[in-house]
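Put together the whole structure using the sequences plus the hints.
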Amino acid sequence: DAGVTQSPTHLIKTRGQQVTLRCSPISGHKSVSWYQQVLGQGPQFIFQYYEKEERGRGNFPDRFSARQFPNYSSELNVNALLLGDSALYLCASSLVWRGRTPHEQFFGPGTRLTVL
Amino acid sequence: GNSVTQMEGPVTLSEEAFLTINCTYTATGYPSLFWYVQYPGEGLQLLLKATKADDKGSNKGFEATYRKETTSFHLEKGSVQVSDSAVYFCALQVISSGSARQLTFGSGTQLTVLP
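Order-wise, the sequence lines are chains C and F. For what it's worth, our numbering labels the leading residue of the first sequence as 1, then goes sequentially. For what it's worth, our numbering labels the leading residue of the second sequence as 1001, then goes sequentially.
Careful: at least some of the hints might be erroneous.
[To be verified] Mimicking EDC-like on lysine to aspartate or glutamate, the simulated pairs with C-alpha atoms at most 16 Å apart in a straight line are:
(1) F/K1052 to C/E104
(2) F/K1056 to F/E1076
(3) F/K1068 to F/D1054
(4) F/K1049 to C/E104
(5) C/K30 to C/D62
(6) F/K1077 to F/E1015
[Claimed, not checked] Here chain C is said to cover these stretches of chain F; the calculated rule only asks that three of the stretch's residues, wherever they fall, bring their Cβ under 8 Å from a Cβ of chain C:
(7) 1012-1026
(8) 1100-1113
[As the list claims (entries may be wrong)] Residues of chain C placed beyond 12 Å of chain F at every Cβ, according to the derived structure:
(9) Q6
(10) I12
(11) Q18
(12) V19
(13) T20
(14) R22
(15) Q37
(16) R57
(17) D62
(18) R63
(19) N71
(20) L82
(21) G108
(22) R112
(23) V115
These are computed hints drawn from the structure, not numbers from a lab. All residues carry an ideal CB built from backbone N, CA and C; glycine is no exception.
Right, here's the structure in full:
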């Protein structure tokens, strides 16, 4: 079975530009989360979506937005790029969102964004 | 808030040495605890997890025990291999009604195992 897929693998943009990153979850998974991993640090939570609704948002500016589509795939958009947005952007999917049992999040390989 | 503090790296060991990577946490609520591993150029893979106090997670020779009294989840392996060279992340997840189920990660520990 295919794991979480992300596209593109690498991306180079200049300051002020806009970028869209894409994620396809594991088949049957309905929840998608986005994380930013700056070099040398642990991933930081950006968004979580379940059934096309935003279920949580981390401490990121409004330049960051996301959405989830009816097929559960997701896009992360970042406007007005800054040098500090250079990072590995990770997408993770999980089977469900609700309930009190923790559900494992499966990560994709990430999109490496470089802002010049 | 929730936070995870990991032993600073990098850690360099010889093959077959004993490994310990320390992890402590603070959480509002009762967290589940995880260790993830990241190999060069790849995403994160779940290594092991524990969902309640005194649970021991184990996988591929790695072990970690959920210690509520010391708020710790230290990763151990009795005999490391060159193929264990990677970055290891400790993480927690707190489940509460209506809130996101995000993972909170530590800063990661780079492990290099020499032959």
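Here is how each hint holds up against the structure:
1. F/K1052 to C/E104: 15 Å, holds
2. F/K1056 to F/E1076: Distance of about 11 Å is within 16 Å: holds.
3. F/K1068 to F/D1054: 7 Å, holds
4. F/K1049 to C/E104: 9 Å, holds
5. C/K30 to C/D62: Between C/K30 and C/D62 the Cα gap is close to 24 Å, so the pair fails against 16 Å, i.e. violated.
6. F/K1077 to F/E1015: 12 Å, holds
7. 1012-1026: As far as the region 1012-1026 of chain F goes, the hint is violated, because 0 residues have Cβ atoms under 8 Å from chain C.
8. 1100-1113: Answer holds; 9 residues pass the 8 Å Cβ test.
9. Q6: 8 Å, violated
10. I12: 17 Å, holds
11. Q18: 24 Å, holds
12. V19: Per Cβ check, C/V19 is outside 12 Å of chain F; nearest 19 Å; holds.
13. T20: The claim stands: C/T20 keeps its Cβ more than 12 Å from every Cβ of chain F (closest is about 19 Å).
14. R22: Check passes; 15 Å lies beyond 12 Å.
15. Q37: For C/Q37, whose nearest Cβ neighbour in chain F is about 9 Å away, the distance does not exceed 12 Å, so it is violated.
16. R57: About 7 Å separates C/R57 from the closest Cβ of chain F, which leaves it inside 12 Å; violated.
17. D62: 17 Å, holds
18. R63: 19 Å, holds
19. N71: Holds, since 21 Å exceeds 12 Å.
20. L82: Non-interface label on C/L82 holds, nearest chain F Cβ at 22 Å vs cutoff 12 Å.
21. G108: At about 5 Å from chain F, C/G108 fails to clear the 12 Å cut-off, so the statement is violated.
22. R112: Contrary to the label, C/R112 does not stay out of reach of chain F, its closest Cβ about 9 Å off (not over 12 Å).
23. V115: Holds, because the least Cβ-Cβ distance between C/V115 and chain F comes to about 20 Å, which exceeds 12 Å.
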